[in-house]
Every structure is written in C-alpha cells, then in structure tokens.
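Student: Using the sequences and the hints, build the whole thing.
Chains A and B, in that order, give the protein sequences.
Oh and the first sequence: position 324 is 324 in my numbering, straight run, nothing missing.
Oh and the second sequence: position 81 is 539 in my numbering, straight run, nothing missing.
These aren't lab readings, by the way, just hints derived from the structure by calculation.
Everything numeric in this text was worked out from a predicted model, so none of it was measured.
Please note that the accuracy of each hint is not assured.
A few chain B residues that face chain A, going by a derived Cβ cut-off under 8 Å, partial list only [as the list claims (entries may be wrong)]:
1. R475
2. M477
3. C479
4. G480
5. E495
6. G501
7. A504
8. G512
9. L514
10. G531
11. Q535
12. D744
The calculated lysine to aspartate or glutamate pairs, modelled on EDC-like cross-linking and capped at a C-alpha distance of 16 Å, are [to be verified]:
13. A:K385 - B:E470
14. A:K385 - B:D471
15. B:K791 - A:E117
Here are the simulated distance ranges between beta carbons [what the hints assert, rightly or not]:
16. A:N49 - B:K565: 43 to 51 Å
17. B:S467 - A:G272: 39 to 47 Å
18. B:G822 - A:P215: 46 to 54 Å
19. A:M438 - B:G822: 27 to 35 Å
20. A:W319 - B:R490: 22 to 30 Å
C-beta: ideal position from N, C-alpha, C; glycine also.
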Amino acid sequence: MLKKNTIREFREILGSNNCWNRPEDVICYSYDAAYEEPVSPDIVVKPGNYNQVSKIIGLCAEENIPLVIRGAGTNLSGGTVPLSGGCVLLTTGLNRILEFNKEDLYAVVQAGVITAELALEAEKNGLFYPPDPASMKVSTIGGNVAENAGGLRGLKYGVTKDYLMGVRFYDAEGNLIIGGGKTVKHATGFNLPGLMISSEGLLGVMVEFILRVIPKPEYSKSLMVVYNDIIRACETVSEIIASRIFPATIEILDNFTIKAVREAIKTEFPAGADALLLIEIDGHPEVVNKDFDRILKICNSFNGTVRVANNKDERDKVWEARRMALSSLSRLRPTVILEDATVPRSKVPAMMKAIQEISKKHDITIGTFGHAGDGNLHPTILTDKRDRDEMKRVKMSIDEIFHAALKLDGTLTGEHGIGFLKAGYLEGELGAGTVNFMKKLKHGIDSKNILNPHKMNL
Amino acid sequence: MAGIIYELSQLEDSIIRCMKCGTCQAVCPLYRKDLVEPSVARGKIALIESVYEGRLEKAGDILNHLEYCVLCGRCKQNCPSNVKTDEIFLKARAVLKKIKKMPGWQKSLLGFVMDHPERVTKLLPFLHVCLKAGSRRVGNNALRPFMLPMSDRNVVSVKKESFVSKYKGFNYAENERMRVLYYPGCSVNYIYTSWGKAVVETLKYFGVSVYVPEIARCCGIPAATMGDIELYRKMVNLNFDYFSSIGADYVITSCPTCEYGLKEIGERETKRKIPSRVIDILIFLDEVLKIDFTMPFDKKISFHLPCHYDCSYSDLPEKFLQRHFSSNYIPLKNTDCCGFGGTFSLKYYRDSKELALAKAEELGDKKIDTLFTACPGCAMHLTDALVSAGCKTEVLNPIEVLYEGIKSGVPNRN
Numbered sequence: 001m002l003k004k005n006t007i008r009e010f011r012e013i014l015g016s017n018n019c020w021n022r023p024e025d026v027i028c029y030s031y032d033a034a035y036e037e038p039v040s041p042d043i044v045v046k047p048g049n050y051n052q053v054s055k056i057i058g059l060c061a062e063e064n065i066p067l068v069i070r071g072a073g074t075n076l077s078g079g080t081v082p083l084s085g086g087c088v089l090l091t092t093g094l095n096r097i098l099e100f101n102k103e104d105l106y107a108v109v110q111a112g113v114i115t116a117e118l119a120l121e122a123e124k125n126g127l128f129y130p131p132d133p134a135s136m137k138v139s140t141i142g143g144n145v146a147e148n149a150g151g152l153r154g155l156k157y158g159v160t161k162d163y164l165m166g167v168r169f170y171d172a173e174g175n176l177i178i179g180g181g182k183t184v185k186h187a188t189g190f191n192l193p194g195l196m197i198s199s200e201g202l203l204g205v206m207v208e209f210i211l212r213v214i215p216k217p218e219y220s221k222s223l224m225v226v227y228n229d230i231i232r233a234c235e236t237v238s239e240i241i242a243s244r245i246f247p248a249t250i251e252i253l254d255n256f257t258i259k260a261v262r263e264a265i266k267t268e269f270p271a272g273a274d275a276l277l278l279i280e281i282d283g284h285p286e287v288v289n290k291d292f293d294r295i296l297k298i299c300n301s302f303n304g305t306v307r308v309a310n311n312k313d314e315r316d317k318v319w320e321a322r323r324m325a326l327s328s329l330s331r332l333r334p335t336v337i338l339e340d341a342t343v344p345r346s347k348v349p350a351m352m353k354a355i356q357e358i359s360k361k362h363d364i365t366i367g368t369f370g371h372a373g374d375g376n377l378h379p380t381i382l383t384d385k386r387d388r389d390e391m392k393r394v395k396m397s398i399d400e401i402f403h404a405a406l407k408l409d410g411t412l413t414g415e416h417g418i419g420f421l422k423a424g425y426l427e428g429e430l431g432a433g434t435v436n437f438m439k440k441l442k443h444g445i446d447s448k449n450i451l452n453p454h455k456m457n458l
Numbered sequence: 459m460a461g462i463i464y465e466l467s468q469l470e471d472s473i474i475r476c477m478k479c480g481t482c483q484a485v486c487p488l489y490r491k492d493l494v495e496p497s498v499a500r501g502k503i504a505l506i507e508s509v510y511e512g513r514l515e516k517a518g519d520i521l522n523h524l525e526y527c528v529l530c531g532r533c534k535q536n537c538p539s540n541v542k543t544d545e546i547f548l549k550a551r552a553v554l555k556k557i558k559k560m561p562g563w564q565k566s567l568l569g570f571v572m573d574h575p576e577r578v579t580k581l582l583p584f585l586h587v588c589l590k591a592g593s594r595r596v597g598n599n600a601l602r603p604f605m606l607p608m609s610d611r612n613v614v615s616v617k618k619e620s621f622v623s624k625y626k627g628f629n630y631a632e633n634e635r636m637r638v639l640y641y642p643g644c645s646v647n648y649i650y651t652s653w654g655k656a657v658v659e660t661l662k663y664f665g666v667s668v669y670v671p672e673i674a675r676c677c678g679i680p681a682a683t684m685g686d687i688e689l690y691r692k693m694v695n696l697n698f699d700y701f702s703s704i705g706a707d708y709v710i711t712s713c714p715t716c717e718y719g720l721k722e723i724g725e726r727e728t729k730r731k732i733p734s735r736v737i738d739i740l741i742f743l744d745e746v747l748k749i750d751f752t753m754p755f756d757k758k759i760s761f762h763l764p765c766h767y768d769c770s771y772s773d774l775p776e777k778f779l780q781r782h783f784s785s786n787y788i789p790l791k792n793t794d795c796c797g798f799g800g801t802f803s804l805k806y807y808r809d810s811k812e813l814a815l816a817k818a819e820e821l822g823d824k825k826i827d828t829l830f831t832a833c834p835g836c837a838m839h840l841t842d843a844l845v846s847a848g849c850k851t852e853v854l855n856p857i858e859v860l861y862e863g864i865k866s867g868v869p870n871r872n
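Tutor: In structure tokens, the structure reads:
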C-alpha cells in the first residue's frame, strides 16, 4: 500500500488525469497476454513527457516502490505483471514518431509508438521496417525492444535487435542515458543498445529509439507446400537453409493447426495434409526466380506437393490463413499456452519429433506452427486452467519441451522473453555463473531493485 | 451480493475464452483515444472476472467502466478468440444495475417512452415548440439550446408531427409486386421523418406496398444498454408478435441499431426466432429489388458506415453510392465509430463528441459537401460535431437523394 503523501506526489507530477489508484482501475493492469495469476499494482501512471518519467523514477527510488513499464501489455511471459505491486508506468502516452530520415535510413520513435504504425510510415516512404511480431497492430516499439521481438521474417531479416541503432533511457535514479546513435558505425562507449535489447524493463526505463529502416524488396513470390509427413516438411526447411537459400519467411503448420484453421475460416488449406510449409522469397526478380526453382526441386525431393500463389489475392489468402493459426487454435479450448522454444535450424525435425512425443506421453493437445525457417516453433498447448489434473500434465509437458530444446542446443525463448513464467528455467540454460553475473549487473545498476523486480529471478 | 457474484460467474464460459492478447486495442475507438486499459474490452473483461474470482470487493465500482463503451462491436468482430464481448457487457451491466440502481426518474422516463409511444407522439408539438423557443438556429437544421446542460450540443429537433401519424397503415403501391413492413424506429419516427417518407415513397415507386405500424414501438436497445434487460425483452417480444401478426417476409429498417437490437441480441435474449427478415432499405433495394439506375448528384460525397450496419453487407452502401449517384466519391480515412452509442453519448458526452469531431475535421479538410450515412443516430451525432467544427457538410441518408430523384423522374422502374 502506498502512503497518502506518496499518492499526492504522483498526482503532483502527472496531474490527476494520468494517475490511477482505485481498485477498479489498477486491476486492469494486473495481467498481460501470458496465462499467469493476476497481481494488481498500487498505482498506474501515464506520463506524457520525459521529465515526468524521470520524476516518477525519482519518487519510486526514494520510496522504494517497484516500477514496472508497460506498453500494450501483449507480453507472453508475464513480464509486465507487477509481481510485488508498486507502480505501473504506461508508455502509451509517449507515442510520437519524432523523425523519419529517408536520406540516412533511420527513424527516431518514442517507446509507445505502435509497431504497425512505424511499418506503415516506412512503407509510405518506400522503405521497410521488417520486424513483424504477430501482435504488431497493437504492440509498442518499447515492448519490442525490451523483449527483442521477432516475427515471421526473422530468417532473412533478423529481429528487433538487428534494427536498433540507438536508445535513450532513464536509469534507476532517473538520470538520462544515451546509447548508440544515428551512424551506421558506432564504437563510442559501451554498446548500450545491445544491453537494453531483451532487458525486459530490468535495467532502465526506455523512452526513445533510433531504428534502422531498409529499402523495400522489389519483388516477391509465395508458395505453399503440402506434406504427408511433417518430419519431411522439417527436413525440407533444413535442406533449404543448408543450400544457402534465404527466403524471407518459411512457416510451418502441423496437421492439428491446419484442421483448426480450416474449421475457423474458409481457406484453401488442403484437408488431410500432415503439414504445410508456407514460403515467401523476396528480392531482385532474377534472384527470386532462381531461388524459387531451387526451392521447388528441394521440396519435390522431400515429397512435398507445391502450390504457387499466382496473384496478390491468392497470396494474401495464404498469409491470412497463417495469421489465423493461433486464434483458430485458441477457439478450441478455454486456455491457450503459447510456447516459443527455439532450436538451430538443422534441429527443427528433431524438435518437432520431441514435441509430438511429449504431447502423446502426457495426453495433452498441442498444435504446432511457427517460424520453421529460423528454428522458432510455437507449440501451442490447448487446455483449461480450471482443470487441475490436466494443468499438472501441462506443466510437465512445458518442462519437457524446454529440456528438449536445450538438449538440441536451442534456447528457452526465441521471441517472448523470460519474464517470470520461464525464470525458473533460466539457470538450466545459462548456468549459475551467468545468472550471478546478470544479478551483479542488475544490482549494480539498480541497487534498490526497483525496476521490474523478480523477473528473470533477479 | 453473493447473488450478483453468482450471476456474473455465469459469464465465465464466455469470458474464459479471452486470452488477453490485447488485439482489441487496435480497433477500439475509446482505447485509441484514451490509451488506457479500462477503456478496452480486455480491461472490462478482466474487471468482471476479478469480481467473480473475488479479487474486487465492490462489484458496483466496475459499472462505470462497463458503461464507458460505445458498443460499436469492433472488438467482437476482430477478436481472434471469438469472444462475444457485446453479449458479456450487456449481461454484466444488467446484473450490476441491481446494485447500482438506475435513478428513479430515468427508469420512469424510460418506461414511459417505451410503454406509451402514442403519448410521446401527442407531446411532440409541445416538445418541438419548447426546443425551438429555447434554442437558436446554428445551421445544418440544428438547434443550440440555451439551457444547461444541453447548451454545448447542436440538436436536430423533433418534428411537430411523427412519421407514423402521417403514414400509418397500408401504403398501397399501384403496380404492386410485393408487400413489406417498414419499421421506422424512434429516431426516424420523431426526428428524421424525412427518411421514413423517402423509404415509403421509394418503395411504392418500385412497386412495393408498405405497412407502417399504427404505433411505433421502440426496439428496446436503450433499455438494454442501460441495464434494464427485462424491459428490453418485453419490447422485443412485442415487436416480434407484431411482425408475426403482419406476416410480411421482409421488415425494412433504416436504423442499423434497431436492426441489431431486434435481430442479433433480440433473438438471443428472447430465445425466439425473428418472424421476418429484418433488412436495411439500401440492402433491400440492391439485393431484393435489384434496382439499376444512375442519377446526377453533382457533389463531393462520402460515406460513414454505422457500427451496427449488417456486417455481411458492410461495403454495400459505399458501392450503392458509387454505382447510382454520379458524384465525386471520396472515401474517408477515419473509419472509426462516430462515438454516439445512444445512451453512451448521454452519459459520456464529451468523449462521445471527441470521436465525432475527429471525423468532422476530416470532412472539413476534404471539403465534403454531403456525408451519407445509414443510421439516424450517426446522422444526429455527426451533425452536432460538424456544426461545432464550423463545417458546412450536410448529412443525408442515400434514400433521401434517391427519393428526390424519383420526384424529378430520374431512376427508371424496372
């Protein structure tokens, strides 16, 4: 509970319209898109300028109030849940694109800018901002940086970290820190943008970013490949990469997901297929066509039946169906748990096999789809959180999925972050020494541990 | 209190489908304005959940948040998990109204208007004169009342004579090929009487005879949004009984919210099947009568799609305008809700107007002469905003222009 005086001080900084502490207001910030138990903050604030941000941090530091930063709250690992109450700081009020530089190919944006808006702004200028997390219509750039968000285009274009040139943030005492800049080369001081990527709100309050944009590819081609055996589909992916071809996207959908999408929407997805690959190649027309022929051969050699999207309409339909994967699955059972264990690309077939075995062993429904091209699968567990017995088996399945990924030289999370849902597994992947190093780093920067405490077990 | 919690917990099966993904933020007009969670469907769902899961003691406190919703339905249409948000919110409002009761005068007024439409009709000349005497003209046929709390609104006045008192009964078409029932709804009956006239006359011109009710009963939606679900059910039942007694295949409407209230939630709340197909006049002209004509309307025009317009025909009105009127059609970039939401605009006028003003600004910038819409509520609210923004754009239903054309003999019957 906050003291009355403290609440008054918050109001003095923000005005009463941007500061809430009634139960029916703060409860709306007790959750994010992960499936954890809700915890309410004591106060929610929506600063409209950097000065207010700095003052809020100062007040929290002085009063030892935990401070959790929140954009759109689409986090899938519980990172924005205020585990020990305190203050939730919304970045939604800091939502301006400050500069879009067509000559030097970068954009300067505030933390609350919505990913899709930046992508649209780039497109208007004939440019391209590739990271496209599924939540991009609502997710904020601040959240994308804090979680190192990926998306469908990771294979060729990388993820958010590959576009971050600079960052401005406030440290745990409210001082402004400037990292990186507007130049392509930048070797001045520590690589602070690199430090802040995936920092999940533990190291500072990020308010502004400089992001790289690139020329838009001039031509693209999409194809859908149908398989009778999902393992053959996974082997195709490994072979495409091994042949040094880099499509913009290779997505995979398993039999269960295909069925779910077919039930949810009218789609061209073939009934009875064990797996589908959706591939998009883009770039210079000549290269695209050449790569296309090579991919065709590879697909055929793994018994895939290729269907080409002949026009924009057909192509849009295929990708629309892919975007419907998660929601189509989510309609089947009350609770959806979306995992994102990731493995090196050559291990995708082995990972897929492991997921199938785990699903059978624990009698748990798992639909798998995902970004096969970058090894980032999304085993999606369908369950009902009210069924305690089933939830126990779900928990065991998740454990085993993580262990399988680690055994295959993979990682706990490709793009959803650790938050607190995966905090318990962190040491298993990184070792005690690394976690200790992270702890020292965190506590050195934030000695009172007010910035998003308890996340990543720190 | 235990009863309330039990009743809310009955919503759990619908609510648990919400995976809190937050997609609704992208489409919620109020979230995009406020950028805070209580404005958006996900927040409201979390609030209901927190009451029946015992995390929020004072259940009544969430009612304000639940009522802060235009019920435009965008969250439902775009929900990946198919959560029936409007259904959840209307039910929760009805349950919570048992603790936070409607003020007595509101309940009596609501009951009076719904139970005694004939008496409201009798009061019309009086209301009309009062409003006229108590306001000044502000253009676009709107009036600005002198008296608080209405003095910041530009009101489209009630007419001296209601639509049904002029057109009630059977309106016979000479070259009759079909008979339909026209359901005007309150806004057309009392305010936009010209829409009603245009609907009946146009239908007659195309050989469709029209029954107009002797008594224009409310569809009940205002009762539902204010949480009086019993009164709402009663109105839907009365209307369904009336439709059955006429037995027409089609019930024509010119108010999408009436249509939504009767069809979608009406059927659900009364567990009855609607006896006739309720259909918007433009859809009827296009799909059933298949009318085909082009008439001159030499203006810069645009269209505002009402939220409750039949979503399987959402691009029909726009095409209708482009196909039938030779005008300069300019689509609007802002496709948001106008913000009216009926009772929402009474309780949260300032927020409601903010949304309409954003639309008015674009209409002004693009110098649109005529904005078409298909809902009297939108028309009323947008007129208010346009006058406030000092914008000369007039707001019409396409049927009005079509009827003008008929009078001057333009469209051919076929």
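Student: All hints are to be evaluated individually against the structure, with a verdict given for each.
Tutor: Checked hints:
{"no.": "1", "hint": "R475", "verdict": "6 Å, holds"}
{"no.": "2", "hint": "M477", "verdict": "5 Å, holds"}
{"no.": "3", "hint": "C479", "verdict": "5 Å, holds"}
{"no.": "4", "hint": "G480", "verdict": "5 Å, holds"}
{"no.": "5", "hint": "E495", "verdict": "4 Å, holds"}
{"no.": "6", "hint": "G501", "verdict": "4 Å, holds"}
{"no.": "7", "hint": "A504", "verdict": "6 Å, holds"}
{"no.": "8", "hint": "G512", "verdict": "12 Å, violated"}
{"no.": "9", "hint": "L514", "verdict": "6 Å, holds"}
{"no.": "10", "hint": "G531", "verdict": "17 Å, violated"}
{"no.": "11", "hint": "Q535", "verdict": "13 Å, violated"}
{"no.": "12", "hint": "D744", "verdict": "23 Å, violated"}
{"no.": "13", "hint": "A:K385 - B:E470", "verdict": "12 Å, holds"}
{"no.": "14", "hint": "A:K385 - B:D471", "verdict": "12 Å, holds"}
{"no.": "15", "hint": "B:K791 - A:E117", "verdict": "15 Å, holds"}
{"no.": "16", "hint": "A:N49 - B:K565: 43 to 51 Å", "verdict": "45 Å, holds"}
{"no.": "17", "hint": "B:S467 - A:G272: 39 to 47 Å", "verdict": "41 Å, holds"}
{"no.": "18", "hint": "B:G822 - A:P215: 46 to 54 Å", "verdict": "37 Å, violated"}
{"no.": "19", "hint": "A:M438 - B:G822: 27 to 35 Å", "verdict": "55 Å, violated"}
{"no.": "20", "hint": "A:W319 - B:R490: 22 to 30 Å", "verdict": "25 Å, holds"}
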